[in-house]
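With the hints as your guide, set chains B, C and D onto chain A.
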Amino acid sequence: MSVDLQEHFDETIAHERRIEPRDWMPDGYRATMIRQIAQHAHSEIIGMQPEGNWITRAPSLRRKAILLAKVQDEAGHGMYLYSAAETLGAGRGDMTAKLIGGRQKYSSIFNYPTLSYADVGVIGWLVDGAAICNQVPLCRSSYGPYARAMIRICKEESFHQRQGYELLLTMMRGTAAQREMVQDAVNRFWWPSLMMFGPPDADSPNTAQSMEWGIKRHTNDELRQRFVDMSVPQAEKLGVTLPDPLLRWNDERGHYDFGPVDWDEFKAVIAGNGPCNTQRVARRKAAHDEGAWVREAAMAHARKNPERVRVSPEASS
Amino acid sequence: MSVDLQEHFDETIAHERRIEPRDWMPDGYRATMIRQIAQHAHSEIIGMQPEGNWITRAPSLRRKAILLAKVQDEAGHGMYLYSAAETLGAGRGDMTAKLIGGRQKYSSIFNYPTLSYADVGVIGWLVDGAAICNQVPLCRSSYGPYARAMIRICKEESFHQRQGYELLLTMMRGTAAQREMVQDAVNRFWWPSLMMFGPPDADSPNTAQSMEWGIKRHTNDELRQRFVDMSVPQAEKLGVTLPDPLLRWNDERGHYDFGPVDWDEFKAVIAGNGPCNTQRVARRKAAHDEGAWVREAAMAHARKNPERVRVSPEASS
Amino acid sequence: GAALARYCLALGDDALIYSHRLQEWLTRMPELEEETAIANIALDLLGQARMLLARAGGILGQSEDQLAFFRSEAEFRNVRLAEHADRDFAEVVGRLLIFSSWRLALFGALSSASDPVLAAIAAKGANELTYHRDYAAQWVIRLGDGTELSHARMQAALDALWPLTAELFLPDASALASVDPGSVHAVLDMVLAAAGLSRPGGATLGPVSGRAGRDGVHTEAMGYILAEMQSVARADPDATW
Amino acid sequence: GAALARYCLALGDDALIYSHRLQEWLTRMPELEEETAIANIALDLLGQARMLLARAGGILGQSEDQLAFFRSEAEFRNVRLAEHADRDFAEVVGRLLIFSSWRLALFGALSSASDPVLAAIAAKGANELTYHRDYAAQWVIRLGDGTELSHARMQAALDALWPLTAELFLPDASALASVDPGSVHAVLDMVLAAAGLSRPGGATLGPVSGRAGRDGVHTEAMGYILAEMQSVARADPDATW
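These protein sequence lines are chains A, B, C and D, in that order.
Note that my numbering has the first sequence beginning at 344, numbered continuously upward.
Note that my numbering has the second sequence beginning at 344, numbered continuously upward.
Note that my numbering has the third sequence beginning at 26, numbered continuously upward.
Note that my numbering has the fourth sequence beginning at 26, numbered continuously upward.
FYI, nobody ran anything at the bench for these hints, they're computed from the structure.
Don't be surprised by glycine CBs; every beta carbon is placed ideally from N, CA and C.
Some hints could be false.
[What the hints assert, rightly or not] Think about it this way: if two alpha-carbon atoms lie no more than 30 angstroms apart in a straight line, the pair counts; the simulated DSS-like pairs of lysine-lysine are:
(1) D:Lys149 - B:Lys628
(2) B:Lys647 - A:Lys628
(3) B:Lys628 - B:Lys647
(4) A:Lys498 - C:Lys149
[Stated by the list, open to error] Chain D is faced by these chain A residues, among others (derived, beta-carbon under 8 angstroms):
(5) Asn396
(6) Ser451
(7) Tyr455
(8) Leu458
(9) Asp527
(10) Arg531
(11) Trp534
(12) Ala611
(13) Val612
(14) Gly617
(15) Pro618
(16) Thr621
[As the list claims (entries may be wrong)] Computed spacing ranges between beta-carbons, pair by pair:
(17) C:Gly221 - A:Ala520: 33 to 43 angstroms
(18) B:Asp632 - D:Glu173: 17 to 27 angstroms
(19) D:Arg236 - A:Ala520: 15 to 25 angstroms
(20) D:Thr155 - B:Pro364: 33 to 43 angstroms
(21) B:Ser426 - C:Pro225: 49 to 59 angstroms
(22) B:Lys628 - D:Thr155: 34 to 44 angstroms
(23) C:Leu174 - A:Ala625: 16 to 26 angstroms
(24) B:Asp607 - C:Ala198: 18 to 28 angstroms
Bound-form chain A, shown alone (with noise of 0.2 angstroms):
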């Protein structure tokens, strides 16, 4: 029988069919697919506070109801990416210990401060722009309800590049002083968004195994050449320098080859010694633990009155 179930699953995968919550899996596949959606979905939340620490300062109500907004939809993202966790046994409660206990990771571009409205500008371009290179392939990812929270999320993720991108050109198109801020926040921004792509293939061994089981599409180092050479002449319309003085166009490889990226940065950051790591993950760990009297407050109500009041299973975690 596991054996059948073991063909019908590499099939699925074959054939570039969706594996499905019902459906038999290997164990393997089940525990990364739970630590790629998780991590996924901490980055979400871990993410809203970088741009969040602007909302109340942004210098324009539109521009402060389009960054509320955004923070929003992250919040909606982390929901919706733990829910597609959760269809594989894994619950929100476990995932958000893992969190705040440091057990499970999220990405490490986060452990960088903001500090500036440009901030907000250059994480709508950059970041996002790198996630969505990240992200793009994995609506093809073999899980189903991961590939389709993956549609979703992408859609929004681009409309909020662009928002990014578009503050960015009125900045610089702003005072000097505006312009300043937008390349020193491009100088603080570029190097850890090709972090964003994880080590170099040569140092990334499970790639192999998530590629073949479809649950990653492209290597490290190809998505990594792909944001740059997407990012280059984005940098130029917009009249920024990147930092990078071996940045240049390689007519025989069609692409742009760039200087080498700071692994041991990388992983110091990846570590525990980013510049925000600790306060990240204390401040969502605040969130959590000064909640709990809340979420308790809810199950006891809805205990209480079973058939009034509907409280969403979440607030158990």
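Positioned in the frame of chain A, the structure of chains B, C and D alone reads:
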């Protein structure tokens, strides 16, 4: 014996000599004195809040240093006065408990908010000015430790008052916005300053006994009139209008006439319904409660190291 | 014209400052569902603020951003309830219940205002406020009825907030509509009854010589809100965003 | 000249921002004696900031107030330790112990600086910093040695603060003096031994592409500090105070 003691006490008062901690005194005198000194101490400590509110936002580093030093002086006055009350057998811990439990009052003026940097100047000019009117006669209080505390405090208060007035003079020579700010602050603080002298003599039943005991030297209305007479020419020199259409010189009385004080507002504020009562007491209570573990640690350390470290007895309150 | 501008400013400032206080709570909520709900309410109020400030600005010759970012504290006309910093989730939902019940009653009255723009804003806003009130009411009931702890915190929140409510019903010469306190209290009483909570009474947050939020006399919290909210806009007044 | 100005700015900013964080604690201290002590330390640091900014401003042609109130965040050169918001009294005294031990060592080295003004500032400041360090050390010992709770909170404070210390010893091309980490650690170790506490190790608060406070790259807390600190001065740039 009790008769002898009472005679000796009466004689000391009659000769305007001072009662000292070791002297016998009537229970009523002791209780009244404790309450008077405690309320004065509380006023210094609560009074740190409205001015302290502007330290981090002071618009020049010189003004920041002046304000910081002033608020520090107020803490010093508070400690000095609590020590004077302790000579009568009151404990600082007990007095603090009465303050944060709402069982002992402080000056009603500190239940008004400070809303611009001009308020810092107006508090110096009018509030410290009123306090000095109240306090100069108390340098002749029949209770020795209080009288001596008042001499030192009045000296510093006069300094603060001049600094406040000087800030206002500077602001009045500044921009139109600054002049408006000063006028607005005067509008908000003038009437509450007049209330600082307490209810009209007709409604002040304890005045007679207090004057007999030499712990009050003038009636509320006498002091209020003195304050008005002093302030009007200062306001003219400053170029601000005092918000009282009935204010005018009375040649016959040799004093300024002034309009009726809104005693309903005064009673509401005294009863706890001023704009800041709850906030002021809550802040003091939070500092005290959140500091409990620190005071306990200091005591525990002192117990373990009796020879090495001197911890002030107040740390135990 | 002047009275309409002044009143639109007052209602716009209520929404702008209230929205700011909700924005501060983002990423600090007890659940993700609450993150999206509070963000949504903050967005609705920000939208109301923009329309109302635009209406006032049309009369005064100023943009919504000039009004939001370049007025001084004394020029803001919001009630002091809007600027209160909620200390826990019980205060978040308790204050929202009070504010949205009151504002909904006001917008109901304003939907027949003589100015068609204000009437339209009020009609649209009333839909949003109905949702805000219901969201808040559900949570007040959950917390009031939930555990002993949540009941105590919910009652404490109401007690702490109540002094701020008196100002909502003060006579205001520039108001274009008014609300009967009794009708708002009736709504609150219904929710509180379902929650097993009692409506506080007594204490009020007094004015300063008769002046309060609508007269530009705020709490000490307001200066900090504006310092933060206006900081980027004021750092470079010639900037375009 | 430029190097001297830049370095005086850095040391002045350390003191200015550190003083600001202490100012925030006024009226929130566990005892009145601590209110006066912390006010006193905040005043000393403010005094150091004024002298250092004045020295820098003399070279740059700017007043202390222009430098304090009209620079942008990226122009501030303080280390990130200065901008940390202490969450309890244990962090207040723990951070003060670290900061004043380091700064005292630095001022000791600077008292023989070639610029006589800077040398004089450092010599005067060293006296003040000795008092600050001793005050902090006494409290770290009391809390470390006091109760189980205070011991735990004191150790947690040190653990939370430690990642901020690495930046103090980074090579800085514009520095006119440097401090051997070993000598500062030796002072701390003496205090910690008396307190029964252990010096944390390991984690550091990383820079952003190699840039940190001295390069104008701060923590997210810095923007809020400046928004508040500069709000009144910036509201009316033509005002005189």
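(request) Hints the structure violates: just list their numbers, smallest first. (result) Those not satisfied are hints 1, 2, 6, 17 and 21.
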